[in-house]
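A.B. asks: If you want the working numbering, it's the position in the sequence shown, counting the first as 1, plus 148.
If you are wondering where the hints come from, they were derived from the structure by calculation, not from laboratory data. Among the hints, erroneous ones may be present.
Result set (DSS-like, lysine-lysine): computed pairs, CA atoms no more than 25 Å apart in a straight line [to be verified]:
no., residue 1, residue 2
1, Lys205, Lys150
2, Lys200, Lys167
3, Lys159, Lys200
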Amino acid sequence: AKENMTRDWNKVIWTNEAKLPGEEFLPENIQPTFKGGHKSIMVWGCIAHGVKDPLIKLEFPPATISEKGQR
C-alpha cells in the first residue's frame, strides 16, 4: 500500500465485470449452461478520472458438451 501513496490516481482505470440479477430470464439474455442450468448475463465496464464507459454485454458461444459431460 505504501508504494501506491504517490501514484497518480487520475491515470488509473478501474474495471470489473458482473452478473445482473433480475435480468437473467429476459429472452435476449438466456444462454444454457452446463452448471445446473442457471441463467445469467455477464457485463463489463470501467471508470477512470472523469470517464465512465458504458456497460458492455459479454457474449460467449454456447458450450458444447461431449457424451461424457465434458466441454
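A.B. asks: Each hint should be assessed against the structure and marked as holding or not.
C.D. replies: Against the structure, the hints come out as follows:
Between Lys205 and Lys150 the alpha-carbon distance is near 36 Å, which puts this suggested pair outside the 25 Å criterion. For the suggested pair Lys200 and Lys167, the alpha carbons sit about 19 Å apart, so the restraint of at most 25 Å is met. Of the pairs offered as hints, the one joining Lys159 and Lys200 holds, with about 14 Å between alpha carbons and a cut-off of 25 Å not exceeded.
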